[in-house]
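Student: So you can see what is in the structure, the chains are spelled out below.
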Amino acid sequence: MSRIDEYLDALFDGLAGTGAEGRRLMLEADDHLRSTAQDAVRRGLSAEDAEMEAVNRFGPADRVAARVLHARRRPWERFVAARSLAVLAGATALLVFGAAFFLRGAGLAVLLVVSPQRRAQCPGGVGAEWRGCSQNVAVMWQSLIWAAVLLVAAVAAMLALRALNRVVVPVIRSRAVGVLGLAFLGLAAFLYEQPRYGEQPAIGVPLYVISCVVAAAAGLVLLVTSTDRGVRLRSHYRCLHCDIR
Amino acid sequence: MEARVELELVLLAGLRQLGPAHGYALLAKLRDRSDGVFDFAEGTVYPVLHRLERDGLINGDWDASGPRRRRVYRLTPDGESALSDRASSWVRRTQVIQLLISHPRAEAWA
Chain A
0 MSRIDEYLDA LFDGLAGTGA EGRRLMLEAD DHLRSTAQDA VRRGLSAEDA
50 EMEAVNRFGP ADRVAARVLH ARRRPWERFV AARSLAVLAG ATALLVFGAA
100 FFLRGAGLAV LLVVSPQRRA QCPGGVGAEW RGCSQNVAVM WQSLIWAAVL
150 LVAAVAAMLA LRALNRVVVP VIRSRAVGVL GLAFLGLAAF LYEQPRYGEQ
200 PAIGVPLYVI SCVVAAAAGL VLLVTSTDRG VRLRSHYRCL HCDIR
Chain B
0 MEARVELELV LLAGLRQLGP AHGYALLAKL RDRSDGVFDF AEGTVYPVLH
50 RLERDGLING DWDASGPRRR RVYRLTPDGE SALSDRASSW VRRTQVIQLL
100 ISHPRAEAWA
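If you're matching them up, the sequences are chains A and B in order.
Residue 0 is where the first sequence starts when you use numbering that gives the first Met the number 0, and the numbers rise one by one after that.
Residue 0 is where the second sequence starts when you use numbering that gives the first Met the number 0, and the numbers rise one by one after that.
Isolated chain A (complex conformation):
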């Protein structure tokens, strides 16, 4: 397959859902690329180098497609995309919380098995034996259960978001995404208010604050690196500050 054909395939993928405008851009891109390659061959380049030059001069396919997507986006579609972001951020927060609970539960489980003589910070009193400290066992099980619930919820949220982005009727999709987003925000607020188990981290910052910061950072990384075509967030927001090149 020629380099131009590969580029046009990538551009076609990026223009999915753009209708007549995308089809028109495909025609113009095909003509432009082949004209550029022909001129380059006339200048003495090989066919392969000419096609590479044509593709490089045209610009990355995803960036060209993003400009079409961004131009087509109506205000309500941007709002839907923003609410999709909120749902995705909420799902990421659940994922991070779940991971944090799992790590704590797993860590306690390991200590129970490995170090039965280890001194523990039991609310019942300093110096109690680890195995005899029922509070730690309860914390372990509670952490593992919370981890399972939150991880399942996060996966379900991401799958639901992916499915919703394929719903044809945009109004239904918009409202469903909005309801999901509010539900996750409410769940997150509920989790934040859950009593901690009397444990103070060594750095003096509450665990839920640390989790929020980590969840927000993880969400940002996820947004920037997302290649989920169902959500298409990178395409939506990539072109907000486009330069000429």
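Treat the hints with care, as some may be off.
Label-pair restraints from in silico Cβ distances [stated by the list, open to error]:
# : chain 1 : residue 1 : chain 2 : residue 2 : range
1 : B       : 68        : A       : 102       : 55 to 63 Å
2 : A       : 19        : B       : 97        : 42 to 50 Å
3 : B       : 96        : A       : 148       : 55 to 63 Å
4 : B       : 65        : A       : 43        : 19 to 27 Å
5 : A       : 43        : B       : 68        : 25 to 33 Å
6 : B       : 92        : A       : 1         : 40 to 48 Å
What the hints contain is simulated information worked out from the structure, not anything from laboratory work.
Glycine residues also receive a C-beta, built at the ideal position from the N, C-alpha and C atoms.
Starting from the known structure of chain A, fit chain B onto it as the hints suggest.
Tutor: For chain B alone, coordinates are given in the frame of chain A:
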């Protein structure tokens, strides 16, 4: 001035100078006439042309006379008017910037 608005101004001015042209020819002429200063990521120009057409500043028609279909663009009367307005605005802005950058010393502001 935003890069997007600059590009629109350049394309409108190019169509006025060159007459009806398809995207590839328009870009090639702009590159030549600017001695390579205007060297865009060429693919990003077409969405701008589409937007100008949606806004009624240019018109496009398909030309099937060659080996491939090409869309030929031409300036509309509204496009002429918009070009004049934007060009005047751009000239004013550059004059102000030129005035500001030509007085590097603090005492020149007194």
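Student: Compare the structure with each hint and give your call.
Tutor: Quick rundown of the hints versus the structure:
1. B:68 to A:102: 55 to 63 Å: holds (59 Å)
2. A:19 to B:97: 42 to 50 Å: holds (44 Å)
3. B:96 to A:148: 55 to 63 Å: holds (60 Å)
4. B:65 to A:43: 19 to 27 Å: holds (23 Å)
5. A:43 to B:68: 25 to 33 Å: holds (28 Å)
6. B:92 to A:1: 40 to 48 Å: The hinted range 40 to 48 Å holds for residue 92 (chain B) and residue 1 (chain A), with Cβ atoms some 44 Å apart.
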